[in-house]
Every structure is written in structure tokens, then in C-alpha cells.
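Peer 1: Okay, here's what each chain looks like letter by letter:
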Amino acid sequence: MLRRRGHTVVGPTVQSQAVVYSELSSAEELPIGWTDVQEGGTYRLTRRQDEAAFAHNVGPNSWKSLLFPATLTVWKGRRDADGTLEFEQEQPTPRYAFIGVRACDLHAIAIQDRILIGDRYVEPDYAARRRDAFIVAVNCGHAGGTCFCVSMGTGPKADSGFDLSLTELFEDDGPHRFLVEVGSERGAEVLAELPHAAATADDERLAEEVVERTANSMGRSLDTDGIKELLYANAEHPRWEEVADRCLTCGNCTLVCPTCFCTTVEDVTDLAGLETERTRKWDSCFTLEHSYTHGGSVHDSGPSRYRQWMTHKLASWIDQFGSSGCVGCGRCITWCPVAIDITEEAAAIRDTDLRGRPETGGTSAVGG
Amino acid sequence: MSATVPLSHRVAGKRQETHDTWTLTLEPADEGLPTFAPGQFAMLYSFGTGEVPISISSNLAEDAALRHTVRAVGAVTEAICSLEEGEAIGARGPFGSAWPVLEAEGRDVIVVAGGIGLAPLRPVIYHVLAHRERYGRLVVAYGGRAPSELLYVDELAEWRGRFDVDLDVAVDTAGPDWRGRVGVVTTLIPRAEFDPGNAVAFVCGPEVMIRFVAAELTAAGMTSDSIHVSLERSMKCAVGHCGHCQLRELFICKDGPVFRYARVEPLMRVRAL
Amino acid sequence: MDELLGQVPVFGELSAEHRATISGCGRNQVFQPDAYLMREGDPAELFYVIREGTVALETFVPQRGAVTLQTLHGGDLLGWSWLFPPYRTAFDGRALDTVHALQFDGTCLRGKSDSDPSLGYDLLKLFAAVIIQRLQHTRLQLLDLYAESPAATPGRT
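Protein chains in written order, with my numbering: chain B, 2 to 369; chain P, 2 to 274; chain W, 7 to 163.
I should point out that these hints are in silico values taken from the structure, not numbers from a laboratory.
The structure displayed is predicted, hence computed values, not measured ones.
Honestly, I wouldn't trust all of these hints.
Said to hold, decoys possible - Counterexamples of contact, computed for chain P against chain B with all Cβ distances above 10 Å:
#: 1; residue: Leu130
#: 2; residue: Gly222
#: 3; residue: His245
Said to hold, decoys possible - DSSO-like mimics (lysine-lysine), calculated; alpha carbons at most 27 Å apart, straight line:
#: 4; chain 1: B; residue 1: Lys282; chain 2: P; residue 2: Lys255
#: 5; chain 1: B; residue 1: Lys229; chain 2: B; residue 2: Lys77
#: 6; chain 1: P; residue 1: Lys15; chain 2: B; residue 2: Lys229
All C-beta atoms in this analysis are idealised placements derived from N, C-alpha and C, irrespective of residue type, glycine included.
Using the sequences and the accompanying hints, generate a full structural model.
Peer 2: Encoded structure:
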């Protein structure tokens, strides 16, 4: 029905042994009866005894792949006969309908909105995709092993930013059904066309219990109290060297993170040098190129790059955009090949905060 | 017109400054860019090769055209420096923060430049000269690698000849033909005559030089509030979206490149930040 | 002479007594353009305080010619090799224009410091401050900050 309204429907489905967001042509393609087991550096799908459609948590990709694609043509250029350069930027954007957006990811989308639409310059492609995207959120039925949305204030209940929000109810409490919360006018329009009935008080209570159960079973936690000042003040903490000993600077964390927005541009031209195209691509602050100017890379060591990522995510982001950059989705922990855990690193630094200690002799100047 | 798409320009003039540095004058092919303020930069585009951020170097009081001094140190800058008059080049801008010339009115102005750092400061010098009565003393301290590496040599001679400008130049190394100063640029500051209690400093050059110049200026009695510096980082988009130019929480492309030294001094002290 | 000394900032901290002693070992000198105030390898007995003019501290590098390491100007101290053995001048000092300088007999002052250690202490303090500053400046020059690329500078990995 969403397709009838002109949307390309995207939702979770099982692919390559993971639940990924991909185009769906029917509800059967949802990961019915599947759940995932996540831990540091570990992701496994396992079968459930029931037919729950959303009993999994978040997978390796996020809605960022669709709203802020990994590769995008920014403009095309042409050299005219008289030598003048012409540039054109027009390109159509897809109309998406997202099914199964978790609360953490709703916040991630809002965070990217702030950067790409709500700042000094507007990113036109993102703005268009965002405007046309129909969002159906889902409240998580259980917490993932690496989840900490409660610590970050981003879940598990979806409270805004959706057109419709679903809580899956099915257990012993009756027929398999969804409690629907309407979040917008167009959400109400769509709901009107679907078979539905008014929710009972029981239904609402059950839905609340689902959310509460999830909130109480978070896999991780992160103390955000004064975290900006903490990380700013500990730029020379020896922990950066220690974590960098483990970190491969592979950039997985930045790829799976739903808020990471760093990009680079690539200009290619045809052999005649008459036509050119600029492509925007996802980039990662873990590469040496990221901070490269003609004198060399500013972040020329592993510790300095890890410090850049984590300090930006948890601290500098607050000064830049008014909120944390982390939504507690746990993806970076799950998908790190060496199981580095951002919550563990933050706690370690907090425990040995350089500000609380007299002459430690344990500082390290990170660099070169 | 989007801030991310270049406008077509042509090289209207080209002057070689040193063995690897040229000053290009650009004129729009059609629509032009908005007016630049001193300290701001443009993204110059070499067709098919890429873009680089280059500060505006124009005498904004007089030049309608865009003037940029470019050093050929990589693929894009080499391509730009090899353009001939009449050839096409893309430009978008202006981006970034400007030298606070208004704040400096009624005070002494001390301009300290190192190497190609004189290029973003040239518009400041011209601005002060164009409104000379609004400012106190104008001191220009310029440090270069060697006499053959100095920029704008004709203008340096012109400025040095004026009675209302105190210009001095020092080079790191020289042969016997050079009768001027040899030494690091910080040596020019104790010799300059200005009132540190009522002055504004504009500093641009390599970061190490900025740190030592600022130390010298504060030793002379200035506060880090009245010292302004221009910083540089890797830039891809110039609009605060690509994330490359960050200095902790500051985006050099939109919070800078001009900063009050008090703001950035603690950040500059942390290695590889 | 004492009056001239009093005008030179670098001697500002000295007691009147020490200033008088030092003036006793000093005299006025004028150098024509291109004259040498000191030559590399010569016995180091003298030091100067430049009153007016420019002196280039130079050394000759084969295939490069004479390289100016630093220029010194009014108020600057020139020459400190007289302080310690082997008392040998390290660099050439050439007047770039007409230079008026106060010239001091270092050997004489060394002798006087032996009998009056407080004079020696004051002299060394004075020179140490200058040497520290020159070293700092030299280190910055060494960085070759304006070089075209890091590959062109020594010491870069």
C-alpha cells in the first residue's frame, strides 16, 4: 500500500546472515522468527520459536545508507567550446518508506538532520530524501547485547520523528498484533487505509511493559555526566595509546555508526578532459588521508585518530550540534573486529580521570 | 546557486612570485561570487583535478577581481599554477570567518606573516591603508625562508617607503647579497614600535610560527584576546559537512579560519589534535 | 663611556660599580661597510655591543658561498667565545653598513672577574640570557618552517 503511494519500501530482511535494511516487496521478507545475539565483536542470528517480525535489534547498516548514501554524484561538469565551465546538479531523489526504525535510529536521523539541514548550509540531496521519507518506527521488544540507548536518552521507546510507530504484541496475550501510535497527519492517512481497531487499555499496558522490559535489560551503559569536560580534559590520557594498541583503524565503527557523517569527494574526468563528475563518498576519520594537508597528516598516529573519533562522538559533538553524537545503538561495539567497546573506554578514562590525580607521571603526549 | 557548485571563472592575470608560487587574478565568466572579506577563502577548482581552499589576497578596496596566491605543492595546486591567462577555473565562496578589522579601529595594528601566510593578510594591510585615519600604528613583520622566497616584493618596497607603515622583513637564511635582516620572524617583534595595551595582532603562517609569535607578542604585553590567527586544515567541502577540517569542536571552514588566539591556544597545545 | 653604557638596555641590570668596571675595559669603535669585526678561528678576546648599524654573522660553506646565519642590530651583543676556552671565534662578523659599536676587552674582564666573582656572576647572567634567546631563535630557524615540503627538510621520517 505504501508502494501505491509512490514509496520504495525499505525494511529489515535477512541477507548474508545478518538483518540488513533493504528494499522489501512484501511483508513476508521481514525477518520473521529471527532474532540476533550481539556482543563485542560478535553478531549471530538465531531462530525463535515464534513468528515475531521485529524481535531482532539493529544490524550492520542503518538508515544512513539510504538518506545519506555511501556514494552520490554531487554535480557533473562540462567544458564548453569557448572554454567556459558548466555545472549541473539536478538529480531525482527516491521516495522511501522505512519500516522498522528503532528509537535509537530515529534519534540518529534527527542528529543528521541537525547537521545536514539545520546548520548554516543545507545538503539538498539529504533534505529531499528526508522530506519524502515515510517512517514507521518499531519499539524494541528486547535489548541487544551491546545496546545502551537508555544511557543516551534515545530509547527504547520511540517518542517522536515518526509517521507511525508500532509495538509488536503477540506472546501469550492474544493474537499477533501491533499497537500503533500515530505521529503525523500522513501517518494517520496511511493508517486509515489499513485494517485496524481502537487499542484497548490492556493493549496499551502490554505495550508499556514491553518497553519497560527492554529498558531494564540493556546490554551496556554509559555515564554521560560531564562527559564533554571529561574527554576534553583527558586528551593526553595514556588510555588512548592503550586502546590504539588494539584498534586496527579499520573504520568499521564509522561505517556502521548511524550518525557518522564524514565524507570525501572524488573528481573524475573523461579522457578528452571535457566532462567531469564529482562524487561524494563516505569517509572515515580513521584514515590517514582524512587529516592530510600538504605538510602531512595532522592525526598521524593511531591514538590520535581513535581519540578524534571518540572525543568527537561523545564530546565535541555537543558543542557543535547541541547533543551527543552517540545514540547507544551498540553497532560500533558489535562490529569492531577486536571488540573495542566505547562504553568501556569512556568508563576507563572516567575511572582514571587525570584531573583527579596529582602528579601522575602517566600522561602521554599523543602524536607522531 | 548552491554553495557546493563552482562558478566558472577565467584567469585574467598571472604573476609569478617565487619559484613555486603564483598570484592569479580571476574574473567570472558570467555570474560572480559575493564580496569577500579579508581572511575568507574560496574553493578554487581545477577542472577534472579537484579543489583547494585558497585565501583571498585581493586589495578589496580596489580590485573587483579575485586575487589568489597559490603555492604549487600538490596535484591540484600544480594544475592551478599551470593555467595560462584566459583559461577556465572554477571558484566558489566566500567561506569562513574574517579578520576583525572593525575591532581594530582606533588601535595599533600589528600584522605578522610567515612564508605564504602573507597572502591572507594582504587584504588587511590594504584595508588599513585605505582607511588609514581609523587606525593607529600599522606594523608589518614578515618572515620568509630566503630572499628569493618573499612574496609581493614590489609592494613590500612600496609599503616600506611609506611613513605611515612600519614594515620589516627577516629571512631564515641568506647569502652575502642580502643586506637585510636574517633571523626568525619573532625577532622583529621586540623591535616594533606599538602600544601593546592598545593593539590588535593578525598572525598567519605555519602553526609553530604562530605559537612562538603569540608568545613573543604576549611577552611584549598583549593579551591573547587581542591576537587573531588564521589556521589551516584539510578541507573537502568548505560548508561544514565533510568533517575533515575539525580542530576538536571547531570547524576551520565555518568557525574559522580566523580565530581569536585565546580560543584556540589550548587546542594548539595538544599534539595531533 | 659609562654614560654610553648606561644607555644600552643589555647592561641595565648591572650595579653602577660593575658598569664602571666594564666601561673601564671598553672603547668606542666604528667599522666601515664590509669590514670584519671578527673572523672565524681568530683568538676570541673581544666582544661588542652594537650601537648602530647591522652586522652579519656569517660562515663560508663550500659550494654555497658565504651564508648569513643571523643579522645583529643596535642593542645586540656580539661575541661570547671569550668566556670559555679555547677562546676561539666561531663565525665571521661582517659590517653590512657603517657600524658604531662599543668594543670590550674580554680577556681583561675575565681577569677582573677572577678577583671579583660578583662581577663574573653578573656578566655570565647577562650573557646567559642573550645566549638562551639566540638558541631559541636558532632552533626556530632550524625548523625551516617555510620549506616547500617536509621531504625537503632534514630530520623528517
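Peer 1: A separate judgement is required for each hint: does it hold in the structure or not?
Peer 2: A quick look at each hint next to the structure:
Distance check for P:Leu130 against chain B: the nearest CB is about 31 Å away, which clears 10 Å, and the non-interface claim stands. Annotated as non-interface, P:Gly222 keeps its C-beta farther than 10 Å from every C-beta of chain B; the closest such distance is 30 Å. A beta-carbon of chain B is positioned within 10 Å of the beta-carbon of P:His245; the least distance is around 6 Å. Annotation: proposed proximity of B:Lys282 to P:Lys255 holds, straight-line Cα distance about 21 Å (limit 27 Å).
The hinted pair formed by B:Lys229 and B:Lys77 fails the criterion: a straight-line CA distance of about 41 Å is larger than 27 Å. With a C-alpha separation of about 48 Å, the suggested pair P:Lys15 and B:Lys229 falls outside the 27 Å cut-off, and the hint is violated.
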